[in-house]
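Chains X and Y are the protein sequences, given in the same order.
Here the first sequence is numbered in the numbering used here, starting from 1 and rising by one per residue.
Here the second sequence is numbered in the numbering used here, starting from 1001 and rising by one per residue.
Please keep in mind that the hints were generated in silico from the structure rather than gathered at the bench.
Restraint-style ranges between C-beta atoms, simulated for each label pair:
id, chain 1, residue 1, chain 2, residue 2, range
1, Y, 1070, X, 9, 56 to 62 Å
2, X, 15, Y, 1063, 44 to 50 Å
3, X, 30, Y, 1219, 37 to 43 Å
4, X, 9, Y, 1165, 31 to 37 Å
5, X, 15, Y, 1109, 25 to 31 Å
6, Y, 1058, X, 9, 56 to 62 Å
7, X, 52, Y, 1164, 23 to 29 Å
8, Y, 1164, X, 15, 31 to 37 Å
9, X, 49, Y, 1189, 31 to 37 Å
Computed list of chain X residues with no C-beta within reach of chain Y, every gap over 10 Å:
id, residue
10, 5
11, 6
12, 7
13, 12
14, 15
15, 19
16, 22
17, 48
18, 52
19, 55
Being a predicted model, the structure only gives us computed values, none of them experimental.
By construction, the Cβ of each residue, glycine as well, lies at the ideal position given by its N, Cα and C atoms.
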Amino acid sequence: MINIYNITAFDIVKWFSVVGLIMYSAFAAVVIRQVMTMNESVKDPLNSIILLVSIAHLILSLLLIVVAIVLL
Amino acid sequence: MSYNMSMPDVYEAPKKPITTPPVEDSAKREFNEDLRQSRDWWKVVVDEVLEAMGEYPRSAVLGAYNVRPGHKFFTQQEDEEVIMLLRAHPITNVGWILLTIFMLILPMALELTGIFKSVPGGFMFVGKVTWYLMTFAYSFEKFLFWYYSVFIITNERLVDIDFYNFMFRVITYANLNHIEEPASVTGGFIRSVFQYGNVWVTTASEKPTVEALGVPYPDKVVDLISRLSEELEKRREQGK
Chain X
1 MINIYNITAF
11 DIVKWFSVVG
21 LIMYSAFAAV
31 VIRQVMTMNE
41 SVKDPLNSII
51 LLVSIAHLIL
61 SLLLIVVAIV
71 LL
Chain Y
1001 MSYNMSMPDV
1011 YEAPKKPITT
1021 PPVEDSAKRE
1031 FNEDLRQSRD
1041 WWKVVVDEVL
1051 EAMGEYPRSA
1061 VLGAYNVRPG
1071 HKFFTQQEDE
1081 EVIMLLRAHP
1091 ITNVGWILLT
1101 IFMLILPMAL
1111 ELTGIFKSVP
1121 GGFMFVGKVT
1131 WYLMTFAYSF
1141 EKFLFWYYSV
1151 FIITNERLVD
1161 IDFYNFMFRV
1171 ITYANLNHIE
1181 EPASVTGGFI
1191 RSVFQYGNVW
1201 VTTASEKPTV
1211 EALGVPYPDK
1221 VVDLISRLSE
1231 ELEKRREQGK
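Turn these sequences into a full structure, and let the hints guide you.
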């Protein structure tokens, strides 16, 4: 059972940060969808690189959630 | 009585070598004429228009002014070719690039002031990485909007693809047969130095104008649109 008297200000900040990072990851996923829509509009040699960058962005944001849970 | 008098020549044509077109030229002309009558007549028209303008096929990665780049686009038809693909001039990106640089420097500058001394190391690390990730997301979004907002001139129509925010795409088409008054506007110091400006094309449809904002060499763009539209008009008058 969680003892609410043991909760510090840093704990609150930690879980707010985690929730914020989850929302950020959702945004990163939307960016991938957006890039796919953009790629449909104009076929370009750079399209695959841009898609890879957006996927890397999502992976980094997911990693950051894990780091935040472990480190904070 | 003999009439053995020779009449002097009143006019003597200068002796010029008879010039016949080289075999290659005449063959090319014949080929072009055949092509002109065929289904792909527009290829000759486009070649001639570009030649008259002194343009040649060129395209570059991240290029803002691409002639016959060979790219494909959304809803492109089989007998349609991209003649020109335009983006806003790269100089228009300076604002967000400067802001990105400022955002990259900001955490280091704040750290030097010592206001984060009481913050634990773990929070500092996660905070910094989050900040840099958000900075990247901001610049990436700006880049995407610039890169994919394009103005395309094909042999048949004008296509204006604009992205305003997430998932919000506006595509405007204007048939080259239906355009009325292409116009370009350049002005101001920066625009004059970097030779970019806006192009507006008036159409007879409900949405009266198609616009290309901040594109390089707007006068050339208007020239191309006018010439192509004129050629199509001639073709229509001939009933072809």
